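Going down the list, the sequences are from chains A and X. Our numbering applies: residue 3 is where the first sequence begins, and numbers increase by one. Our numbering applies: residue 2 is where the second sequence begins, and numbers increase by one.
Keep in mind that the hints were calculated from the coordinates and are not lab data. These numbers come from a predicted model, not from an experiment. Be aware that a few hints might be false.
Stated by the list, open to error - Covered stretches of chain X, as calculated for chain A (at least 3 residues, CB under 8 Å):
1. 47–58
2. 89–95
3. 106–114
4. 154–162
5. 183–190
Where a beta carbon is used, it is the ideal one built from N, C-alpha and C, also for glycine.
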Amino acid sequence: MPVHERGYTHWSPSGLRADPPWLVIARRGLRPTLKRRWPLLLCFAALVPAIAKGAIIFVNVRAGGMLGQFMGTGWSSVSPEGSLTFIEVQRFFVFLATLILGAGLIARDKQDNGLSLYFSRPISLADYLGGKTLVVLAGYLTVTLAPCLLLCLFAYLIDPATAGLETLLLTPLRLGVVTVFTGIGLALVLLAFSALATRTVLVVVWWAVLCLGGEVVGTIGDALGLDSFQYLNFLGHWHNAASLVMGGSAQLPIPQLASLLICLGLIAGALAVLRQRIKPVEVVT
Amino acid sequence: MSEAIASTITVDHLSFAYKVEPALREVSFSLEQGAVGLLGPNGSGKTTLLRALLGQIDIPPGRVRVGALDMARQAPAGRRKLGWMPERGGVIPGHSGVGLVSYMGELSGMPRQDAMQRAHEVLHFVGLKDERYRPCETYSQGMRQRLKLACALVHDPEWLLLDEPTSGLDPGGRVAMLDLVRDLAGRKGLGVILSTHLLADVEVTCDELLVLKQGRLLERQRVDHHDPGGRQVYEISGFGDDARFAAALDGLADACEQDGMHFTAVIDLDRLPAGEGPASARAVRAVLELAVASEFSLRRLRRRPITLADEFHDLVGEKES
Chain A
3 MPVHERGYTH WSPSGLRADP PWLVIARRGL RPTLKRRWPL LLCFAALVPA
53 IAKGAIIFVN VRAGGMLGQF MGTGWSSVSP EGSLTFIEVQ RFFVFLATLI
103 LGAGLIARDK QDNGLSLYFS RPISLADYLG GKTLVVLAGY LTVTLAPCLL
153 LCLFAYLIDP ATAGLETLLL TPLRLGVVTV FTGIGLALVL LAFSALATRT
203 VLVVVWWAVL CLGGEVVGTI GDALGLDSFQ YLNFLGHWHN AASLVMGGSA
253 QLPIPQLASL LICLGLIAGA LAVLRQRIKP VEVVT
Chain X
2 MSEAIASTIT VDHLSFAYKV EPALREVSFS LEQGAVGLLG PNGSGKTTLL
52 RALLGQIDIP PGRVRVGALD MARQAPAGRR KLGWMPERGG VIPGHSGVGL
102 VSYMGELSGM PRQDAMQRAH EVLHFVGLKD ERYRPCETYS QGMRQRLKLA
152 CALVHDPEWL LLDEPTSGLD PGGRVAMLDL VRDLAGRKGL GVILSTHLLA
202 DVEVTCDELL VLKQGRLLER QRVDHHDPGG RQVYEISGFG DDARFAAALD
252 GLADACEQDG MHFTAVIDLD RLPAGEGPAS ARAVRAVLEL AVASEFSLRR
302 LRRRPITLAD EFHDLVGEKE S
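Only chain A is shown next, with the shape it has when bound in the complex (with noise of 0.2 Å):
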């Protein structure tokens, strides 16, 4: 043994618990994200429907429920219904905050060989991409989840009476059923463009294709009366298929179960490609 020794040494490990890899990536993924502002003011700037949203409660409750009778359910309360319709208004924030944090997640390792990178380590590809999911669904349950969750606390505390324990327990728990659900697949469909793409501005032209033009599809359809052009609104199937578990009316002139049967098949189309594409294989540039 040395007297002085300044080169490389071994390891002694301190006995702390390591996290599991899904998160390391995961927390890793959000990091750059939350050093930036504008991601940041996107949070906030989705928080302003629901801020609107609680005016309406609460002037509709001191109102006593005169208010609900004029705008409807939709606005002024916290119902299964009412936290739908929430939902479909924060699908423009739900399609930038997927895209901030999603586009560029496997692009980029794959343009700059980071694939090789993670899979020399003891990770899977369950552990890879478990952690690039949180890291959307982490964006999609802030500007969905938790505005919902917010609005339904306020609810109870401005009128414990009326909202009761459904709008306490019942109703975040099917938010959150619904919301995670919805989260994951549209990070896993995302995540396959990514894996598609070597570049991240190819995922952004094609998701938006994918979400505004799926809904510019199903308001042509609205217009003309064609229920068929719905098949082709993407963002809106999860919404219609997330109303089959909330117990609320269809949100698309189509069967919910269709809708669900779409989602699914999304979904393991996305585990298909991202299974296919995501090899440790070097780019040569």
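Chain X: place on chain A using the hints.
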């Protein structure tokens, strides 16, 4: 400081093909410890073999083992014992040097605090001082190579798999990198597999040499046991009837290669006919006589002992890049 004892790496009749193109053919070897050079021309299957060791490609069960772990079935566990330094990429933009190394440490199963502390230690070892706080995409090529080595070392692996570690380095950086590798293999007890097409890197770093060509393991030998025997290399230039001279030289030399009016011939002195004077002088005289007889005027004749590079050259059948 206790020295690590590396697990045995065993490769048993490993074959692998990219679609229909075979990249590895029936490769078998076992490595106990020390530094091993994996040498071969471009496209010989070196990187594919390293990927097979890491379990990054689909290989049949039982063909590659790191210690007791089958890399076809237990790749994630096996990778804890391996540190990988890729030739290309290996740096994820958006991280500082220390951030990237600690990230790799955490992904290797280290607690966050340990990974950060260890990242600083290995970055110090590879010689990245204040630069470690800079975004890694701003690093020079030399700094990137050092950073990649730090990433490979952070979880204290038993084996280091280095793919062209001196690629793109200036002479000073190359010497420094090879010094680090030699230190790790020699004094710290880490096993090292150094994949390169530069024989000089292997000569100064490794104890043993594996030569690959077209996916086949051609030779395995100890670097310090290189025995030139009586063979010498003669480099001959001139002008005249080169075809006649080449034909005549073929009869004298073990191997002869012609490049225009330049010849490189390997002559085994032990096989020269007996005669007066030392064998090397007799060989020179024989070359001169052949030149006169073939009407080939010599402009330059240089003699040197055969090196490991010449043997490698003979083995793979083409010039070293």
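Hint by hint, here is what the structure shows:
no., hint, verdict
1, 47–58, "holds (count 4)"
2, 89–95, "holds (count 7)"
3, 106–114, "holds (count 8)"
4, 154–162, "holds (count 3)"
5, 183–190, "holds (count 4)"
The structure is consistent with each of the numbered hints, conforming to all of them.
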